[in-house]
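S.K.: Sequence:
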Amino acid sequence: IYILGFMGVGKSTTAKALARKLGYDFVDTDKLLEKKFKININNFFSKYGEELFRELEHEILLETFNYNKCVIATGGGLPCYFDAMDKINANGVSIFLKMDEKSIVNRLMASKQKRPLINDLSEEELLNFVEKELNSRKKYYEKASLTIPALNLNIDHLVAKISEHNSY
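So in our numbering, the last spot in the sequence shown is 168, and the numbers never skip.
Careful: at least some of the hints might be erroneous.
To be verified - When the alpha-carbon atoms are kept at most 20 angstroms apart in a straight line, the in silico DMTMM-like pairs for lysine to aspartate or glutamate are as follows: (1) Lys143 with Glu164; (2) Lys31 with Glu50; (3) Lys31 with Glu59; (4) Lys98 with Asp120; (5) Lys36 with Asp25; (6) Lys35 with Asp25; (7) Lys132 with Asp100; (8) Lys38 with Glu59; (9) Lys47 with Asp30; (10) Lys139 with Glu164; (11) Lys87 with Glu63; (12) Lys31 with Glu55; (13) Lys138 with Glu164; (14) Lys87 with Asp100; (15) Lys98 with Glu142; (16) Lys143 with Glu124; (17) Lys143 with Asp83; (18) Lys139 with Asp86; (19) Lys132 with Glu50; (20) Lys69 with Glu164; (21) Lys87 with Asp30; (22) Lys138 with Glu63; (23) Lys69 with Asp25; (24) Lys102 with Glu123; (25) Lys38 with Glu50; (26) Lys161 with Glu142; (27) Lys36 with Glu50.
Hints listed in this document are in silico derivations from the structure and should not be mistaken for laboratory results. These numbers were taken from a predicted model, which means no experiment stands behind them.
Make a model of the complete structure from these sequences and hints.
M.R.: Structure representation (C-alpha coordinates):
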(Lines of atoms letter the chains of each structure in order from A and count residues from 1; the text may use other names and numbers.)
(Lines give C-alpha, C1' and ligand atoms only; values in the text may rest on other atoms or scores of the structure.)
Protein backbone atom coordinates (compact mmCIF):
# COMPACT_ATOMS: atom_id res chain seq x y z
CA ILE A 1 0.00 0.00 0.00
CA TYR A 2 1.53 3.30 -1.13
CA ILE A 3 0.64 6.54 0.67
CA LEU A 4 0.97 9.58 -1.62
CA GLY A 5 0.45 13.30 -1.29
CA PHE A 6 2.09 16.67 -1.01
CA MET A 7 4.74 17.35 1.63
CA GLY A 8 3.24 18.00 5.03
CA VAL A 9 -0.08 16.16 4.55
CA GLY A 10 0.85 13.39 6.99
CA LYS A 11 1.99 10.55 4.72
CA SER A 12 4.47 9.04 7.20
CA THR A 13 2.17 9.40 10.20
CA THR A 14 -0.73 7.87 8.29
CA ALA A 15 1.38 5.07 6.83
CA LYS A 16 2.75 4.15 10.29
CA ALA A 17 -0.72 4.06 11.83
CA LEU A 18 -2.16 2.09 8.92
CA ALA A 19 0.70 -0.43 9.00
CA ARG A 20 0.20 -0.92 12.74
CA LYS A 21 -3.56 -1.40 12.26
CA LEU A 22 -3.09 -3.96 9.46
CA GLY A 23 -0.11 -5.73 11.05
CA TYR A 24 2.05 -4.73 8.06
CA ASP A 25 5.57 -3.36 7.94
CA PHE A 26 6.07 0.40 7.56
CA VAL A 27 8.56 1.87 5.09
CA ASP A 28 9.36 5.49 4.26
CA THR A 29 11.07 6.00 0.87
CA ASP A 30 12.94 9.08 2.14
CA LYS A 31 14.34 7.08 5.07
CA LEU A 32 15.31 4.22 2.73
CA LEU A 33 17.18 6.70 0.53
CA GLU A 34 18.93 8.30 3.52
CA LYS A 35 19.97 4.89 4.83
CA LYS A 36 21.14 3.54 1.47
CA PHE A 37 23.19 6.62 0.55
CA LYS A 38 24.14 7.61 4.12
CA ILE A 39 23.08 11.25 3.74
CA ASN A 40 19.98 13.11 4.88
CA ILE A 41 17.59 14.50 2.27
CA ASN A 42 18.38 18.17 3.02
CA ASN A 43 22.12 17.62 2.57
CA PHE A 44 21.54 15.51 -0.52
CA PHE A 45 19.49 18.29 -2.18
CA SER A 46 22.12 20.91 -1.30
CA LYS A 47 25.03 18.81 -2.51
CA TYR A 48 23.66 16.97 -5.55
CA GLY A 49 20.41 18.69 -6.57
CA GLU A 50 16.88 17.56 -7.30
CA GLU A 51 17.52 15.73 -10.58
CA LEU A 52 19.85 13.11 -9.08
CA PHE A 53 17.59 12.86 -6.03
CA ARG A 54 14.61 11.97 -8.26
CA GLU A 55 16.61 9.29 -10.07
CA LEU A 56 17.76 7.65 -6.83
CA GLU A 57 14.29 8.02 -5.31
CA HIS A 58 12.92 6.10 -8.31
CA GLU A 59 15.47 3.32 -7.75
CA ILE A 60 14.24 3.07 -4.16
CA LEU A 61 10.64 2.87 -5.41
CA LEU A 62 11.51 -0.03 -7.73
CA GLU A 63 13.04 -1.89 -4.77
CA THR A 64 9.76 -1.60 -2.83
CA PHE A 65 7.97 -3.68 -5.46
CA ASN A 66 9.61 -6.75 -3.89
CA TYR A 67 8.06 -6.03 -0.48
CA ASN A 68 4.99 -7.85 0.86
CA LYS A 69 2.45 -6.71 3.45
CA CYS A 70 3.94 -3.26 3.67
CA VAL A 71 2.63 0.31 3.91
CA ILE A 72 4.98 2.69 2.13
CA ALA A 73 5.08 6.46 2.67
CA THR A 74 6.45 8.02 -0.52
CA GLY A 75 8.22 11.32 -0.96
CA GLY A 76 5.80 14.03 -2.11
CA GLY A 77 7.28 14.27 -5.60
CA LEU A 78 8.00 10.58 -6.12
CA PRO A 79 4.75 9.77 -8.01
CA CYS A 80 5.43 12.55 -10.53
CA TYR A 81 8.59 11.24 -12.20
CA PHE A 82 9.53 8.31 -14.47
CA ASP A 83 5.94 6.99 -14.90
CA ALA A 84 6.03 6.09 -11.21
CA MET A 85 2.23 6.20 -10.74
CA ASP A 86 1.64 3.56 -13.38
CA LYS A 87 4.28 1.36 -11.77
CA ILE A 88 2.90 1.95 -8.27
CA ASN A 89 -0.63 1.05 -9.36
CA ALA A 90 0.64 -2.07 -11.14
CA ASN A 91 2.36 -3.20 -7.94
CA GLY A 92 -0.03 -2.20 -5.17
CA VAL A 93 -2.81 0.03 -3.93
CA SER A 94 -2.11 3.78 -3.94
CA ILE A 95 -3.79 6.21 -1.57
CA PHE A 96 -3.66 9.95 -2.23
CA LEU A 97 -3.97 12.03 0.95
CA LYS A 98 -5.68 15.17 -0.34
CA MET A 99 -5.45 18.51 1.47
CA ASP A 100 -6.15 22.13 0.53
CA GLU A 101 -3.28 24.55 -0.09
CA LYS A 102 -3.85 26.74 2.98
CA SER A 103 -3.85 23.77 5.36
CA ILE A 104 -0.65 22.49 3.75
CA VAL A 105 1.01 25.91 4.13
CA ASN A 106 -0.01 26.10 7.80
CA ARG A 107 1.57 22.70 8.45
CA LEU A 108 4.70 23.49 6.45
CA MET A 109 5.31 26.82 8.19
CA ALA A 110 5.76 24.80 11.40
CA SER A 111 8.32 22.41 9.86
CA LYS A 112 10.03 24.43 7.11
CA GLN A 113 13.62 23.85 8.20
CA LYS A 114 13.33 20.13 7.48
CA ARG A 115 12.14 20.64 3.90
CA PRO A 116 14.78 21.28 1.23
CA LEU A 117 12.45 22.71 -1.43
CA ILE A 118 10.99 25.39 0.86
CA ASN A 119 13.65 26.31 3.45
CA ASP A 120 13.99 29.96 2.44
CA LEU A 121 10.43 30.88 1.45
CA SER A 122 8.18 33.45 3.14
CA GLU A 123 4.58 32.44 3.89
CA GLU A 124 3.34 34.16 0.72
CA GLU A 125 6.07 32.57 -1.40
CA LEU A 126 5.28 29.23 0.21
CA LEU A 127 1.59 29.55 -0.69
CA ASN A 128 2.52 30.36 -4.30
CA PHE A 129 4.94 27.41 -4.35
CA VAL A 130 2.34 24.99 -2.92
CA GLU A 131 -0.36 26.16 -5.37
CA LYS A 132 2.00 25.82 -8.34
CA GLU A 133 3.42 22.44 -7.30
CA LEU A 134 0.05 20.97 -6.34
CA ASN A 135 -1.34 22.07 -9.68
CA SER A 136 1.50 20.39 -11.58
CA ARG A 137 1.35 17.20 -9.46
CA LYS A 138 -2.44 16.89 -9.45
CA LYS A 139 -2.61 14.75 -12.60
CA TYR A 140 -0.25 12.21 -11.00
CA TYR A 141 -1.86 12.17 -7.57
CA GLU A 142 -5.30 11.73 -9.12
CA LYS A 143 -4.19 8.42 -10.67
CA ALA A 144 -4.21 6.93 -7.16
CA SER A 145 -6.46 3.94 -6.45
CA LEU A 146 -8.11 5.90 -3.62
CA THR A 147 -8.29 9.58 -2.70
CA ILE A 148 -8.83 10.32 0.99
CA PRO A 149 -9.21 13.75 2.67
CA ALA A 150 -6.12 14.13 4.87
CA LEU A 151 -7.45 16.65 7.40
CA ASN A 152 -8.76 14.91 10.54
CA LEU A 153 -8.06 11.53 8.96
CA ASN A 154 -9.50 8.57 10.83
CA ILE A 155 -7.37 5.41 10.44
CA ASP A 156 -10.36 3.09 10.98
CA HIS A 157 -12.18 4.92 8.18
CA LEU A 158 -9.11 4.53 5.96
CA VAL A 159 -8.85 0.79 6.70
CA ALA A 160 -12.56 0.42 5.85
CA LYS A 161 -12.06 2.29 2.56
CA ILE A 162 -9.11 0.07 1.64
CA SER A 163 -11.13 -3.04 2.51
CA GLU A 164 -13.95 -1.77 0.27
CA HIS A 165 -11.39 -1.32 -2.46
CA ASN A 166 -10.53 -4.97 -1.77
CA SER A 167 -7.02 -4.94 -3.24
CA TYR A 168 -4.53 -5.21 -0.39
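S.K.: If you check each hint against the structure, which ones fail?
M.R.: 4, 10, 13, 14, 16 and 22
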